[in-house]
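Undergrad: Turn these sequences into a full structure, and let the hints steer you where they fit.
Sequence order for the protein chains is R and Z. For the first sequence, my numbering assigns the number 1 to the initial residue and increments by one for each residue that follows. For the second sequence, my numbering assigns the number 169 to the initial residue and increments by one for each residue that follows.
Calculated from the structure, these hints are not laboratory results. Since the structure is predicted, the reported quantities are computational estimates derived from the model, not experimental observations. Please note: incorrect hints may appear among the correct ones.
[To be verified] Take a look, some chain R residues computed to stay more than 10 Å from chain Z by CB distance:
hint : residue
1    : Arg3
2    : Arg24
3    : Val27
4    : Arg32
5    : Glu36
6    : Arg82
7    : Leu100
8    : Glu140
9    : Asp150
10   : Cys151
11   : Ile161
[Said to hold, decoys possible] For lysine-lysine, the following PhoX-like pairs were computed, each having C-alpha atoms within a straight-line distance of at most 20 Å:
hint : chain 1 : residue 1 : chain 2 : residue 2
12   : Z       : Lys228    : R       : Lys8
13   : Z       : Lys502    : Z       : Lys513
14   : Z       : Lys416    : Z       : Lys644
15   : Z       : Lys508    : R       : Lys8
16   : Z       : Lys478    : R       : Lys96
17   : Z       : Lys228    : Z       : Lys505
18   : R       : Lys8      : Z       : Lys506
19   : Z       : Lys494    : Z       : Lys598
20   : Z       : Lys647    : Z       : Lys416
21   : Z       : Lys494    : Z       : Lys505
22   : Z       : Lys269    : Z       : Lys294
23   : Z       : Lys357    : Z       : Lys665
24   : Z       : Lys228    : Z       : Lys647
25   : Z       : Lys502    : Z       : Lys598
26   : Z       : Lys478    : R       : Lys76
Positions of the beta carbon are idealized from the N, C-alpha and C atoms, including for glycine.
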Amino acid sequence: MSRLSWIKTSLEVGVVTKKYPFERVEVPEAFRGLPEFDPSKCMGCTACANVCTPDAIRVVEDVNEGVRRLEYRVGKCIFCGRCADVCPTSAIKMSKEFELAYKDEVVYIIEIRLTNCPVCGKPFTTSRHLTHVSGKIYEEVLENINLCPDCRRRNNVNSIIRSAGAMR
Amino acid sequence: MEAARTVLGVLSGKIDSYKVVDGKHIIVDVKHEHLADVVKAITDELGGIYTVIVGNDARKLDGFFHSIYVFSLDSMKTYLLVRVRLRPELPEVPSITPIVKGANWGEREVKDLLGINILNHPDLRKLILPDVWPDGVAPLRKEFNYQSRPQPSSSTCYVPTRSEDVVTLPYGPYHPLLHEPEYFELHVKGETVVDVEYRGFHVHRGIEKLGESRLTYNQVPFVAERICGICGFVHNVCYCQAVEGAAKINVPERALYIRSLILEVERLHSHLLWLGVACHVLGFDTGFMHAWRIREPIMNLAEALTGNRKNYGLNLVGGVRRDVSKDSAEKVFKILKKVKEDYSKFVNGLIAIRELTKRLEGSGVLPSPDAVSYGVVGPVARASKLKRDVRVDHPYAAYGEVSFDIPTFSEGDNMSRLMVRVEEVYESIKIVEDLIDRMPGGPILAEDIEVPEYREGFSGVEAPRGEDVHYVLTGKYSKVYRWKVRAPSYNNIPALKTMLYECPLSDAPLTIASVDPCFSCTDRLLVVDISNGRKFKVSLKALANGWKP
Chain R
1 MSRLSWIKTS LEVGVVTKKY PFERVEVPEA FRGLPEFDPS KCMGCTACAN
51 VCTPDAIRVV EDVNEGVRRL EYRVGKCIFC GRCADVCPTS AIKMSKEFEL
101 AYKDEVVYII EIRLTNCPVC GKPFTTSRHL THVSGKIYEE VLENINLCPD
151 CRRRNNVNSI IRSAGAMR
Chain Z
169 MEAARTVLGV LSGKIDSYKV VDGKHIIVDV KHEHLADVVK AITDELGGIY
219 TVIVGNDARK LDGFFHSIYV FSLDSMKTYL LVRVRLRPEL PEVPSITPIV
269 KGANWGEREV KDLLGINILN HPDLRKLILP DVWPDGVAPL RKEFNYQSRP
319 QPSSSTCYVP TRSEDVVTLP YGPYHPLLHE PEYFELHVKG ETVVDVEYRG
369 FHVHRGIEKL GESRLTYNQV PFVAERICGI CGFVHNVCYC QAVEGAAKIN
419 VPERALYIRS LILEVERLHS HLLWLGVACH VLGFDTGFMH AWRIREPIMN
469 LAEALTGNRK NYGLNLVGGV RRDVSKDSAE KVFKILKKVK EDYSKFVNGL
519 IAIRELTKRL EGSGVLPSPD AVSYGVVGPV ARASKLKRDV RVDHPYAAYG
569 EVSFDIPTFS EGDNMSRLMV RVEEVYESIK IVEDLIDRMP GGPILAEDIE
619 VPEYREGFSG VEAPRGEDVH YVLTGKYSKV YRWKVRAPSY NNIPALKTML
669 YECPLSDAPL TIASVDPCFS CTDRLLVVDI SNGRKFKVSL KALANGWKP
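TA: Now the structure itself:
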């Protein structure tokens, strides 16, 4: 191949660059862009925050306001889509949006009301989460479902002691 | 296991105990007074090639510091891990650098990060930590919190080793021909390079510490992927394999095929990227543009297969997250056919230019014995007559199922290193097509995974630049206790000392580029005044306005 052939190749190939951003660029089907949160589906189980490697999704328990707040920071996100994988209610979907270099960092905030323990009055989880879980567990343990973990434990121990006393 | 029997036969009397991990890697325990003898026996009698040194603060486990010397026994298809236990109050170990040149960096790293004293080491200056790092603070010890920032000290200062009759020429840390911040100090006599001093690790990110302290098993792969911007998937696979080996997890066959497939796609784009860079360094920018044009469809291919051009986020411990659809598999054949056509046209055109090949031939020679002693890996080793390739020597993923050639050249010069990569592109295309043809069905992620505590795993993967190895010691609460990464450039960059010796100055940038060094892989902004240890935080604006300390 002579030197002329390089010129020939260049002429054959022509211009390969695109005039982005004046021309739209298509992303493939499997692309993972900005995650979209559906607040109506979210039950505040915090599974997404647990798997999030860069801590882009954080959960803050605001006891004074009585809400569990889920915060998403796009600047920290690595777009792995693990949150969408693990979400039990499919409240998170990966969109195809990739133009994310905004001046202000996009922050999603979802607020879900916390429910209080009827015994000690401490807020411990969201009512949506409780409803979701109560559909999945045995009926025998359902009676204690509204209690916070501490009160539930105390309740269980007391009932065991009581039944042991009754046996004697 | 036959390899274990051979190893024990040669090392009998010098080792305390041994065990086999993951059915293929051998760990032997050695007393530190026997270390030199054992290393000599391994390199001379067993043909072992130095791979990496893993330092481990295992005081919580058995009360000792561990220093683990890893050798690759290519002919026996196994890694041999030699563990020396060191007293916790005064960890000391004799240097093996006089026996294997390649161990120089490994030992300095162990000293820097774990505070283990190395006796009789020829050059114990700081390697990884900055000059102002206070003495006696070892960041990889377990008592060191990953968020703490020690006060800089001015007690240690970098001492260059230059003699008086040479002229020193700075090459870096920022240089048009270097893509990342590294510093080569070239010592020249007239127009001839007589020595090179390397200072790197400017972008050491402390990823190992992060993995050990904050992340859980399945979070580490995403951080591992970000060790390198070009071959991140390699680290990702390597980490997962190490954990899978430690936990004895059976990965579904289809997942293994998908891993191999993406690894080869990555090799394709990496080699094309390098060919472009090589053209650029040679002053042939037309070639640079064409190489990157040919590379673009491969990036699109990666995007179609995994969702992203880079940082695929595909692996988890136990398999992969996304399946390869039939549509994208068909796309592969179409794209690769076009790439092959364009590529062979490009390569033929490149080799026909005598001005280019003349500069490549005979420059930057690395003789075979030096290659063994430095433990060089990948295309650099294969250009120096060493037939080393992890895909064959330590088969992993689906590489046992496909056949391919390992292009090997014997001259050890820049031309050989170019030709190895040129030929490997053809082989990779063949492997990708083969893998897609044979890909079995079935699940892609193992279910019910449990990772037991305190098990060791070791794994190697052939990255585009050579052998990448990860060592994992599993810990409690779904975390790793120790995660050690060694990228291929870590073993290749020290060999530049030999390659650049007596080489004309004009060939130096090319020779450095011929290693295809990946600095942020090897390493993992604050301004510090070394003379008084003061730190300054400088804003971009202040810097633009001519900031001075």
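Undergrad: Evaluate each hint against the coordinates.
TA: Hint-by-hint comparison with the structure:
1. Arg3: violated (7 Å)
2. Arg24: holds (16 Å)
3. Val27: violated (8 Å)
4. Arg32: violated (5 Å)
5. Glu36: holds (16 Å)
6. Arg82: violated (8 Å)
7. Leu100: holds (14 Å)
8. Glu140: Glu140(R) clear of chain Z: closest Cβ-Cβ about 26 Å, beyond 10 Å.
9. Asp150: holds (22 Å)
10. Cys151: Answer for Cys151(R): holds, closest chain Z Cβ roughly 26 Å.
11. Ile161: holds (32 Å)
12. Lys228(Z) <-> Lys8(R): violated (67 Å)
13. Lys502(Z) <-> Lys513(Z): holds (18 Å)
14. Lys416(Z) <-> Lys644(Z): holds (17 Å)
15. Lys508(Z) <-> Lys8(R): Since the Cα atoms of Lys508(Z) and Lys8(R) sit roughly 18 Å apart, the hinted pair holds (cutoff 20 Å).
16. Lys478(Z) <-> Lys96(R): holds (16 Å)
17. Lys228(Z) <-> Lys505(Z): Since the Cα atoms of Lys228(Z) and Lys505(Z) sit roughly 55 Å apart, the hinted pair is violated (cutoff 20 Å).
18. Lys8(R) <-> Lys506(Z): Answer holds: Lys8(R) to Lys506(Z) is near 18 Å, not above 20 Å.
19. Lys494(Z) <-> Lys598(Z): Holds: Lys494(Z) and Lys598(Z) sit about 19 Å apart, inside 20 Å.
20. Lys647(Z) <-> Lys416(Z): With Cα atoms ~16 Å apart, Lys647(Z) and Lys416(Z) stay inside 20 Å; holds.
21. Lys494(Z) <-> Lys505(Z): holds (17 Å)
22. Lys269(Z) <-> Lys294(Z): Holds - the C-alpha atoms of Lys294(Z) and Lys269(Z) are around 17 Å apart, at most 20 Å.
23. Lys357(Z) <-> Lys665(Z): With Cα atoms ~15 Å apart, Lys357(Z) and Lys665(Z) stay inside 20 Å; holds.
24. Lys228(Z) <-> Lys647(Z): Satisfied, since the Cα-Cα distance of roughly 15 Å is no more than 20 Å.
25. Lys502(Z) <-> Lys598(Z): holds (13 Å)
26. Lys478(Z) <-> Lys76(R): Cα-Cα ~17 Å, so holds.
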